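Construct the entire structure; sequences and hints are all you get.
So the protein sequences, as listed, match chains A and B.
Under this note's numbering, read the first sequence as residues 1 to 431, first letter to last.
Under this note's numbering, read the second sequence as residues 1 to 229, first letter to last.
Don't read these hints as lab results, they were simulated from the structure.
Any given hint could turn out to be false.
As the list claims (entries may be wrong) - Derived pair list, reagent style BS3-like, types lysine-lysine, alpha-carbon separation capped at 27 Å:
| no. | chain 1 | residue 1 | chain 2 | residue 2 |
| --- | --- | --- | --- | --- |
| 1 | B | Lys53 | A | Lys326 |
| 2 | A | Lys188 | B | Lys217 |
| 3 | A | Lys382 | B | Lys15 |
| 4 | A | Lys90 | B | Lys102 |
| 5 | A | Lys35 | B | Lys53 |
| 6 | B | Lys15 | A | Lys19 |
| 7 | B | Lys103 | A | Lys188 |
| 8 | A | Lys19 | B | Lys102 |
| 9 | B | Lys102 | A | Lys188 |
| 10 | A | Lys188 | B | Lys31 |
Remember, predicted model here, so these are calculated numbers, not experimental data.
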Amino acid sequence: MQDWLRLDNAALIFPAVRKTGWSNAFRVSATLAEKIDPVCLQQAVDSLRERFPSVYVCLHRGFFWYYLQKLKTSPKVREDAACPLIHMTKPELRECCFRVLYYKNRIAVEFFHALTDGNGGMVYLKTLTAAYLSLRYGFKPQAQYGVLDWMAAPEESELEDSFLKAAGRIALDRKEENSIHLKGTRRKDGFHYLTVGTVSEEKLKARAQEYNTSVTAFLAAVMLQTILDLAKHKKTRKWAKITIPVDLRRLFGGNTLRNFVLTVNVGVDPKLGEYSLEELCKAVQSQMNSQITEKQMAARIAANVKPARMMLVRIMPLFIKNIALKLVYHFVGESKGTLNISNLGRSELPPEMVPYVENLDFIIGTQATYFHNCSVVTYKGKVRINLIRNVEESELERNFFTRLLKMGIPVKVESNFGGGSLCIAQIAEWN
Amino acid sequence: MYCANCGVELGEGEKSCPLCGLVAYHPDMPKQSGEGLYPDGFAPIKVKRGYVKLFFSFFFGIAAGTCLLIDYLISHRIGWSGIVLMSLLTGYVLLVLPLWFKKGNWIVFLSLDTLAVELLLLYLNLHLGGHWFLSYAFPIAAMYGIILVTVTALAIYVRRGVFYLMAGSSFALAGSMMLVEFFGAITFERRMFVWSLYPTAALGALGIFWLLAGIIKPFGNMLRKRMFV
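Printed below as a string of structure tokens:
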């Protein structure tokens with residue numbers, strides 16, 4: 001087996017668009033019932049190296065493309081920092097593209113997005129947690145609900161670039177309206193404010209059903225209403241849009257552990273007047289329904305895959321490709337969405353593991369040009385909504401969570417800053 | 001505990017509401033004593049940008065060396081490549097030199113930039129056999145260097161009075177226009193004050209506008225609100 005991997009089609013963009021102070025990363029974490037033993041965790045990390053060859057890699061630069069070099073040793077587990085998703089620098093990525101962190105009862109894994117997507121990351125986390133529990137308590141959980149048998153050899157299909165298989169023959173036009181970007185006082189030291197809202201799955205689902213939408217569409221509609229509310233004083237001609245990543249495994253099948261996700265943008269035009277939540281729910285759900293179909297997705301994948309297959313592009317030196325990809329990312333990617341809502345859906349674990357794992361979390365980092373993002377995961381009947389930002393102002397979080405509260409969905413909030421970043425004068429201003 | 005302001009339930013580790021900042025306190029309830037979601041003490045990652053200045057230094061060095069070599073091989077003397085070398089040196093002082101200093105002083109950099117431009121002009125004058133440096137290029141470059149350094153120093157060290165600073169800059173630029181034409185007239189024996197009156201008048205009017213904005217507070221506040229926020 002060769003000791004390096006090509007980047008998958010979606011991953012091509014991430015090394016190219018990373019900046020000196022920003023890289024595209026996400027984090028998955030599991031909170032256990034007991035304090036983490038770092039020695040045991042290190043053993044678990046070591047034991048998974050052969051099973052996840054596409055994860056235990058570092059990023060290297062070729063003349064024409066970036067590539068992933070397999071690691072000879074596992075990364076060292078580290079204690080967690082004061083904020084999630086601290087910038088992954090170029091030297092760090094050259095050594096390893098993921099971090100395993102622990103803090104009290106929590107195991108967290110932060111991935112550079114070129115390795116895998118949220119679902120692949122969750123599979124790794126679940127298997128790592130299973131390996132940890134197995135070392136700690138001497139039982140081996142069954143390989144189900146995303147937990148892999150870490151003693152088995154990796155399957156070829158887990159390492160494949162599924163985009164190449166799923167691409168259709170016709171490429172879809174990428175033309176779209178630009179979207180509003182929320183402003184704020186940016187933190188320049190790289191600190192991310194994380195606000196975690198925990199809501200009941202049952203209550204959230206019930207509300208979503210009242211509006212005939214899925215949970216993702218409902219949250220997107222509430223978020224759109226929040227954005228429109230925050231941006232109502234702006235004389236903008238841009239749309240308010242939410243970027244929703246879609247797990248393509250559900251549409252095309254497959255069990256790849258690499259990136260296999262594509263985003264769709266849903267939104268409304270503020271110029272047309274004010275929108276009620278019902279209108280927003282209808283708009284979001286209908287846009288999702290029309291965009292998330294096998295045919296549409298295959299055509300959109302084709303639009304991404306085709307340029308990478310062109311001979312002229314392939315023989316272009318990497319530094320030129322990087323400039324082109326940066327422009328594409330800026331004008332076709334980030335300018336088309338106000339923020340992401342990435343919902344991993346309901347996560348389950350093998351029954352033996354359930355008593356030991358209290359929470360699962362999924363956090364996506366902020367984007368290069370917009371400063372808020374939202375990620376959601378459901379486990380044990382609790383929906384954890386992680387809102388991350390790298391600006392001082394917390395209006396978006398406050399507006400969003402209090403909106404849910406007013407709809408009769410109780411919210412419990414936690415943060416990584418203890419609420420200390422805001423001053424009382426700000427509250428007076430809001431009231 | 002719940003936030004009295006937002007109504008959300010607060011996690012055990014929250015000393016104040018993450019959404020509105022209200023301190024979590026109730027006289028009849030124990031203080032929030034849970035541990036935080038993340039450890040305290042944030043240490044920002046230090047990013048090394050050394051490669052940028054090295055890259056540009058290398059680029060400038062290669063460009064200068066190549067030009068000198070080609071010129072010498074063709075004409076066995078340093079002719080046009082001297083101009084290229086001096087231009088590259090000036091460009092290097094202007095663009096790359098500040099990158100070598102973590103906390104550089106802009107006043108020092110701008111003074112050096114002025115000096116570099118003066119040297120380039122002196123070289124051009126000597127190389128082309130002109131007689132315009134002392135009476136034309138030197139005073140004009142020095143004048144704009146002084147204006148730039150003074151405005152920068154005032155902007156850095158005197159935080160207040162932005163309108164007065166802009167008024168002063170406008171008046172200085174207005175005056176400089178006439179001086180440019182004056183130096184041109186005595187060096188190249190042209191008619192005096194043909195074109196400079198127009199930009200002088202426009203910049204003078206702009207200076208008066210900023211001055212009024214500084215003196216009349218409501219007008220200044222309105223401008224701040226409309227233009228700077």
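Ascending list of hint numbers which this structure does not respect: The structure conflicts with hints 2, 5, 6, 10, although it agrees with all the remaining ones.
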